Amino acid sequence: MSPGRYLATLALFALGAMAVPAHAATIQIVMENLVISPAAVSAKVGDTIEWVNKDVLAHTATANNGDFDVTIAPKKTARSVLTKAGTVDYYCRFHPNMKAVLTVAP
Amino acid sequence: MFVRLSIAVAALSVLTGAALAQGAKLTDPQIAHIAYTAGVIDINAAKQAETKASNKDVKAFAKDMARDHEAVNKQALDLVKKLKVTPEDNDTSKALSKQAADKLAELGKLKGSAYDKAYIDNEVAYHKTVNTALETQLIPSASNPELKSLLQTGLKIFQGHEQHAEHVAAGMK
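Residue numbers (the working numbering), protein chains in the order written: chain A, 353 to 458; chain B, 3 to 175.
Hints are not guaranteed to be accurate.
[To be verified] Not everything, but these chain B residues come out facing chain A in the computed CB check (under 7 angstroms):
| id | residue |
| --- | --- |
| 1 | D66 |
| 2 | A73 |
| 3 | Q77 |
| 4 | K100 |
| 5 | Q165 |
| 6 | H166 |
[Unchecked claim] Straight-line distance between alpha carbons at most 20 angstroms, and here's what the computed EDC-like set of lysine to aspartate or glutamate pairs gives:
| id | chain 1 | residue 1 | chain 2 | residue 2 |
| --- | --- | --- | --- | --- |
| 7 | A | K406 | B | E72 |
| 8 | A | K427 | B | E72 |
| 9 | B | K76 | A | D399 |
| 10 | A | K451 | B | E164 |
| 11 | B | K61 | B | E148 |
Everything labelled a hint here was simulated from the structure, so no lab data went into it.
Bear in mind the structure is a predicted one, so any value in this text is a computation, not a measurement.
Even glycine gets a Cβ: it sits at the ideal position worked out from N, Cα and C.
Sequences are here, hints too, so could you generate the full structure?
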C-alpha cells in the first residue's frame, strides 16, 4: 500500500470511528463522599454512562431491578453502555444509603 | 462560644465515658493516632462480626466496615508518611482501645441474633461517638490542612456508615 492510500484509509477509519459517538452521548455520574450526583439523570439507549468514583472506597452502581451491577474501584472510572429503556432506581451495595435514579429513553 | 464548647465536651463525656474529652488541645500527631485507632477498633469489631454474625445484612455491613475503614486508614498512613508526622499515642487513644477491648470481649460472649443486635447497636453508637468527636474536637483541633481535609472526608464516610448501621438495626426489629 502506498503511503498516500494508507493515510486515506486511516482518515476514513477515523471518520467512521467518530460517526458513532456523534449519536450517543457520554454522561458522567460522580460518586464522592458517599453521594451520587446528579441524583437523577436522563439518558437514551446507546448512551454511555461514565461512573466516576472520587472516593478512596469501592462503590457499586446496582440496579434495584437487576438491569446492571457495576463495581467502581477507588479513584477509578467505569463505563457502561445503556441497552434497555426504563426508569431504574439504583444504589451502592457497599453503602446502601447512596441512592439515585437513571431514566433511559428508548 | 464557651457555652457551645462546654456542651460539646459534656456531650462527649456522656457518650464515651470521657475517653474523647481530655480537655487539652490535641496535637496533629495525637489526632492522627486517635483517628487511626478509631479505625482499627471498627475493623476489629467487623472481623469478629464476619465470623459471628448470622443475619446476612449484619454480615454484609461488617464486610463493608472492614473494607472502608481499611481504605481510610491506608490513606491516613500514606498522609502521615508524606507529612513526616509520627502518630503519637495518648490518653484518648488508650481509653478508646481499652473500651473497645472490653466491648469486643462482651460481644464475644453473645450468640445468634443477640450478638447481631448487640453488634449493630454498638456500631450505631460507636459511629455517633466518633462522628461527634471528629466534628467537635478532632477537625477543629487539626492544624495541618491535609490532615483536616482527610478527617473531613472521614466524617462524611462515617456519617454514611452511621446511617447504614441505623438502617440495618431498624430492619432487625
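Does K100 (chain B) meet its interface restraint, that is, does its C-beta lie within less than 7 angstroms of any C-beta in chain A?
With a closest approach of 29 angstroms, the K100 (chain B) hint is violated.
Sort out whether E164 (chain B) lies within 20 angstroms of K451 (chain A), counting only the CA atoms.
Given pair K451 (chain A), E164 (chain B) holds - Cα atoms ~16 angstroms apart, limit 20 angstroms.
Hinted pair K61 (chain B) and E148 (chain B), Cα distance within 20 angstroms
Violated, at roughly 33 angstroms.
Checking hints one by one. Is Q165 (chain B) an interface residue toward chain A, by the C-beta closer than 7 angstroms rule?
holds, 5 angstroms
With a cut-off of 20 angstroms on the C-alpha distance, tell me whether K427 (chain A) and E72 (chain B) pass.
holds, 15 angstroms
Evaluation of the interface hint that places Q77 (chain B) against chain A, nearest CB under 7 angstroms
holds, 5 angstroms
Restraint status (C-alpha distance of K76 (chain B) to D399 (chain A) at most 20 angstroms)
violated, 36 angstroms
CA of K406 (chain A) to CA of E72 (chain B), is that 20 angstroms or under?
holds, 17 angstroms
Grab the minimum C-beta distance from A73 (chain B) to chain A and call the hint holds if it beats 7 angstroms, violated otherwise.
Hint on A73 (chain B): holds, closest Cβ of chain A at ~5 angstroms, below 7 angstroms.
Minimum Cβ distance from D66 (chain B) to chain A below 7 angstroms?
holds, 5 angstroms
Status of the hint placing H166 (chain B) at chain A (closest C-beta pair under 7 angstroms):
holds, 6 angstroms
The structure does not agree with the numbered hints 4, 9 and 11 stated previously, though it agrees with the rest.
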